[in-house]
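With chain P fixed as given, assemble chains S, R and B onto it according to the hints.
In order, the protein sequences belong to chains P, S, R and B.
The first sequence: position 305 = 305 (the working numbering), numbered continuously.
The second sequence: position 299 = 299 (the working numbering), numbered continuously.
The third sequence: position 316 = 316 (the working numbering), numbered continuously.
The fourth sequence: position 260 = 260 (the working numbering), numbered continuously.
Hints were generated in silico from the structure; no laboratory data involved.
It cannot be assumed that every hint is accurate.
Which copy? The list can't say, so a pair holds if one copy fits it or any two copies do.
[Unchecked claim] Cut-off 30 Å, straight-line C-alpha distance, at most; resulting in silico cross-link-like pairs (DSS-like, lysine-lysine):
#, residue 1, residue 2
1, Lys-166, Lys-139
2, Lys-3, Lys-157
3, Lys-228, Lys-243
4, Lys-69, Lys-337
5, Lys-228, Lys-166
6, Lys-166, Lys-5
7, Lys-247, Lys-415
8, Lys-403, Lys-305
9, Lys-305, Lys-337
10, Lys-409, Lys-69
11, Lys-107, Lys-403
12, Lys-410, Lys-228
13, Lys-139, Lys-305
14, Lys-228, Lys-337
15, Lys-107, Lys-337
16, Lys-48, Lys-243
17, Lys-409, Lys-5
18, Lys-57, Lys-69
19, Lys-107, Lys-166
20, Lys-5, Lys-410
21, Lys-337, Lys-243
22, Lys-3, Lys-57
23, Lys-410, Lys-243
There are 4 protein chains.
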Amino acid sequence: MSKGKVCLADSGGLDTSIILAWLLEEGYEVVAFMADVGQEEDFEAAEKKAIAIGATKYVCVDCREDFVKDVLYPAVQVNAVYEDIYLMGTALARPVIAKAQIDVAEKEGCFAVSHGCTGKGNDQIRFELGFYALKPDVKVIAPWRDPVFFERFAGRKDLLDYAAAKGIPVTQTKSKPWSTDENQAHISYEAGILEDPDTTPPKDMWKLITDPEDAPDTPEDLAIVFEKGVPVKLTYTEAGAPKEVTKPLDVFMAASNLARRNGVGRIDIVEDRYINLKSRGCYEQAPLTLLRRAHVDLEGLVLDKEVRYLRDQFVTPTYSRLMYNGAYFSPEFDFIKSMIGPSQTSVNGQVRLRLYKGNVIILGRSSETENLYDPTESSMDELTGFSPVDTSGFIAIQAIRAKKYGEAKKAKGEKLTL
Amino acid sequence: MSKGKVCLADSGGLDTSIILAWLLEEGYEVVAFMADVGQEEDFEAAEKKAIAIGATKYVCVDCREDFVKDVLYPAVQVNAVYEDIYLMGTALARPVIAKAQIDVAEKEGCFAVSHGCTGKGNDQIRFELGFYALKPDVKVIAPWRDPVFFERFAGRKDLLDYAAAKGIPVTQTKSKPWSTDENQAHISYEAGILEDPDTTPPKDMWKLITDPEDAPDTPEDLAIVFEKGVPVKLTYTEAGAPKEVTKPLDVFMAASNLARRNGVGRIDIVEDRYINLKSRGCYEQAPLTLLRRAHVDLEGLVLDKEVRYLRDQFVTPTYSRLMYNGAYFSPEFDFIKSMIGPSQTSVNGQVRLRLYKGNVIILGRSSETENLYDPTESSMDELTGFSPVDTSGFIAIQAIRAKKYGEAKKAKGEKLTL
Amino acid sequence: MSKGKVCLADSGGLDTSIILAWLLEEGYEVVAFMADVGQEEDFEAAEKKAIAIGATKYVCVDCREDFVKDVLYPAVQVNAVYEDIYLMGTALARPVIAKAQIDVAEKEGCFAVSHGCTGKGNDQIRFELGFYALKPDVKVIAPWRDPVFFERFAGRKDLLDYAAAKGIPVTQTKSKPWSTDENQAHISYEAGILEDPDTTPPKDMWKLITDPEDAPDTPEDLAIVFEKGVPVKLTYTEAGAPKEVTKPLDVFMAASNLARRNGVGRIDIVEDRYINLKSRGCYEQAPLTLLRRAHVDLEGLVLDKEVRYLRDQFVTPTYSRLMYNGAYFSPEFDFIKSMIGPSQTSVNGQVRLRLYKGNVIILGRSSETENLYDPTESSMDELTGFSPVDTSGFIAIQAIRAKKYGEAKKAKGEKLTL
Amino acid sequence: MSKGKVCLADSGGLDTSIILAWLLEEGYEVVAFMADVGQEEDFEAAEKKAIAIGATKYVCVDCREDFVKDVLYPAVQVNAVYEDIYLMGTALARPVIAKAQIDVAEKEGCFAVSHGCTGKGNDQIRFELGFYALKPDVKVIAPWRDPVFFERFAGRKDLLDYAAAKGIPVTQTKSKPWSTDENQAHISYEAGILEDPDTTPPKDMWKLITDPEDAPDTPEDLAIVFEKGVPVKLTYTEAGAPKEVTKPLDVFMAASNLARRNGVGRIDIVEDRYINLKSRGCYEQAPLTLLRRAHVDLEGLVLDKEVRYLRDQFVTPTYSRLMYNGAYFSPEFDFIKSMIGPSQTSVNGQVRLRLYKGNVIILGRSSETENLYDPTESSMDELTGFSPVDTSGFIAIQAIRAKKYGEAKKAKGEKLTL
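For reference, chain P alone in the conformation it holds in the complex (with noise of 0.2 Å):
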């Protein structure tokens, strides 16, 4: 008698087959799920192969859709990026497929959800706080935190034994020296040969973007059109004919083509896993990098000084990191995405740019609506609606504070200095 149902993500590769097998082993009874994020994947062979392994069901959830609107345009909106860099392309699609998945679960009555991730990684946390809260009563099952799983399967020769006396088939392509996780945002590349981090990452590892070395000789412009902060509108030249998409897919998947074959997005860093170890990773990060620039750019134009500044300051750092460390369905979270609306009501406006061998460069922004820019105001030519007289009251108050330092200073016989 099964020990009942557990939805495990099946990623169709090695480890999670061999999950699949153990649990069934275990007694329990398997439904294989698989989220659709945009990676490149052969959906129909992970079906067939988890189910001649003996799933009794396997479900494949497209998310795309979802990903781009309720996920990567906020973090657009956000600005979000963890240790100044790292647009999160891995992070940002755990709470989708989180959710896909404890939605699988209840769907098909499963107690509890199994999941490959190892457990020094972010992942694993990222999907068990989601699914912890998604669904509280659930049975979490991490094999590989388990120490009758990893102690069995210590290394990769006892999950090929493993595998082939349970008459799994076993992928021939030479296995990469590094993983890779991919996603319609990004791909990333760790592990393996990675590890050493003054080791520059091989020409060939790179898989979505083309290098900036061979990336065309001619510049390629286009023009993105955001409203409160989300991209709506992309413009673009291809083969002479101007083209523009507005659908928010579509959009993101403009960005996406255009970026990658003009060589923009490629990371390579040392960053912080939640868990306190700092670990080695490159990605290629096109789409966020091409929008995120954009909106910046906008930003400049249409959005408040001193509320960009208490934006920057505390929403986008805080964002990103509850984002980083899987805080997604958090009351904490919830509390900071409740902010990017009121942030992004003035973020309406069009930005030119210009892509060239890696390089996003401005052209230039616009907006019909918003008022914050004035050119007659700022220019020094002019005296329009402001008397330079008033600058000399406003240094006066700021002078203050400015002169008593600089007396309190002479008073204890101290100087400034630079």
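The following block gives chains S, R and B in isolation, referenced to the frame of chain P:
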């Protein structure tokens, strides 16, 4: 009889020459002052001109080394940046110049200082707050905010007429349709045709940095060594021969040359002036772009995660905002400055980089002295010194709040969504 | 012919009566305006006086309910406080008054507004920033900053002479050696003998709150119910009979009366004005002291820890600073205000308190709807739903950085000390 | 043969005596350790008991002076406070004790340390993170998280049975229905009947501070002198005679005695443990309440406004959260600690206070060395060194954004409201 000595910041340009003549006419004695902060300038011609107009003396102070050591390197240490992208080349030079001008004023017995800044910009504030802190009893003469002056010289024609009347030589070179400010950290372009934020700057505006499209087709590699966050060695290859520089100014200038010739460091933004106006600026900030990027990368390897987060959320934006707003000589800036050193004790190591047509590509990083990164520990394949079971406990504790949140939502009949 | 209509904020005191007369003399038509924000005031006498001097009309707007609902309760929700202790009774009233004055100005067809604030205080800024945001084309007449006015009325004698000449009645009550500002949230005392910060205020200065030494010897108990952080019910006992109030203004006034008669809410501070001067103020802030204390206590029971921390570090101080500085009608304040609601959804419950000679003592708190506190779970004696082994894992993950830090110190020959 | 030496933090109570016996039974040699941090304790009896049970040695370290100088005074300097009201008396003592215990462990050649903390509290974390940083190779034995131990001793009866079997004397005093932790900064009460957060603590629970209702009817005045934010002199009157104390420990103890006898420093809260549980605690925090209040008041007079704001928003809450969470010996705490000194250079002066039945009333404050407060300058009646016209300019610059905001709202057909 003289109304007293005034120390005038004299760029040698039309405006300050007129101001010099006008101060003399007003009955002051004038000491002309210029700071060499690395700008392209004919100091001899400026001296000759100032003396010809009637300055008692001309003093040029070489601030280049102090500028690098006391201001630019701390800015690198703290990853200073304003509104996401502007590295504040202009703002960083102001305290150095203000300090030098007050030193000259005190040495020469001047009771007042004067400058040619307009009444709508940031620089007047930066200079004057510095003046008042450094010499609380100083009198500041700001002609462009004095109705007597600005009403008399309401247009360029008034200036030219006055110059003719006073015999002040006017350079016949056609004036550019924008204004610039240059020093060894950067050059800025603003005003004129740039006041339309949707106008793309003409190709021939850019002066210091090679257009990425015209930069060499062959990448150039270099390595930068940091000690306590300060770049202390830069190695690269020139004409096939290895080069190494270690003196502060040399390292900075080598970084500048390498970045400039490879198209690194151009930006175009709409920024928020302290004075609550938005303004459009284009900047070529070659050396800071390169050094900042390398510094940020090294921090990934050697800086504690929590120190970094605290520094990033608090010190960097506060330092940057205060610097931009001209608060260098203030209690709050001294307070923030005191945090840079303690954040950088572990920032020791080397970053290897590649420059290519506007791209700064990280090739690798290493440290001989710091221990935060440990490939074995981070490796997903190793369990050394770390039990995956620990992570279960870590997640369980984090999950307490996650479950409660899910339960609370359920109890209130609400649903967690993306 | 009139130069146009001016709406003057007329307190009925000497200064504003003089200003009224002066505005008439300058050729304006004047609408006298007063806001009832709960201050002790003879509105009829003020009206009579204004009309006698020559005002076209006198308009008094009752703002008491709006003040409580729209400003004071949000301030309670966000635990507003300036410089650790000042609950900002004056600042909180300003937007209410500014809004009412602009409404009157618009209704009465006034092109300008005027006030009697001095040139060194916060209030001029608070009023005027409100005026400009609410009616960007308004003209503001601030006589105490207009040399024509302040040079003419350089001392009290000048004011009295002018009053005599114009037939303006002057109250013969000996003026107090300090100035005050009162509304239903508080009364302030400043200037005069209080300008020496080491002078203890005389016992007879304090007006609203019973001296703790004179307060009843018997404590008084009460209970306050909050919904979404807003006090919605207050119960207490009076003359042996249970009392219950639930209307916003009633709850506020009951809290005020209870706190006042039990000596709760006096403070004495040196604070920083927006205008960069320090100033000494004494305040009686009875109702806000009591409500804030109860609200903070309830949050301990029902507010998520991380939401609280984020709100405390960011929202509360930013809200308070902006409110103090008069930025109520600004993009950044609207942004911050939008964060209050989302932080308070769970702040539902009751706090029981005891008032005794200046003390606010918490007796207990409870919530029927929120689940964050669970005595069984917290109990050291219970292991329900929680394995102590989990904590070992939690500590192990935290210890990764601790050990590395200890090792790094050892490796560098340094020692960790207290 | 011994499994090695363990240094056990031995309070002399039932739990740690059982642990001592159990460690011996497990084959360890035990050095019993106790820190004197000012708690009421019979150290001799504890020693006798430990030796009787079988400890090799008993070491009591007097930490009282270090506690005051190295931890409590920095906490006063930084105005440390957790969740608005808890002054963290327990948390502050932990690093002092951990440091002393590791010192003893190293001196006595112990490879391990042990403690009797439960698995749900904060203290286990505070101690252990300290242990690991101070001695990264230390082994920590935490019996209450070890299933072998906690399953054996599942109830109080098991402990008593074991005590009887091992001949461990058990105090016959009826145990209180709550637990306490005491040191010279405070005493805490939690658990037992206090677990119901709506239960008012019984009058006889409170031990150190006189009930405000029972405190003297006559106020008591005192004065505290601070140097760089540290209290260095306290003067008061006792039995009609002036008293003055200046040694760090003496000042602290005098503050403690004065506050205790006047009913100052009791609180009752529900707080958030690091471990994500809420818990109810009552605290008597007499000396820190008094010293913090005086320190905050003096800062109003002598601390620059912007330094204060930065410190308040960033340093104080971060310091407090890290301290509460046990991160004292960590890179981030060292970073934050380095900011205290630079914030306190000007905090020099005297505060005069009155204590009365639970109230701390400020009588006045003064400084002989600092110049930030200038009564003439602040005076509304004086125009010295300050032109009211300057304020007009200051407001005009601030009003630029206010007007734009009002205009933008109008243009969009929206209205600014309260």
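TODO: Report the numbers of all earlier hints that the structure fails to satisfy, in ascending order.
DONE: Going through the list in order, the structure violates hints 5, 16, 21, 23 and respects the others.
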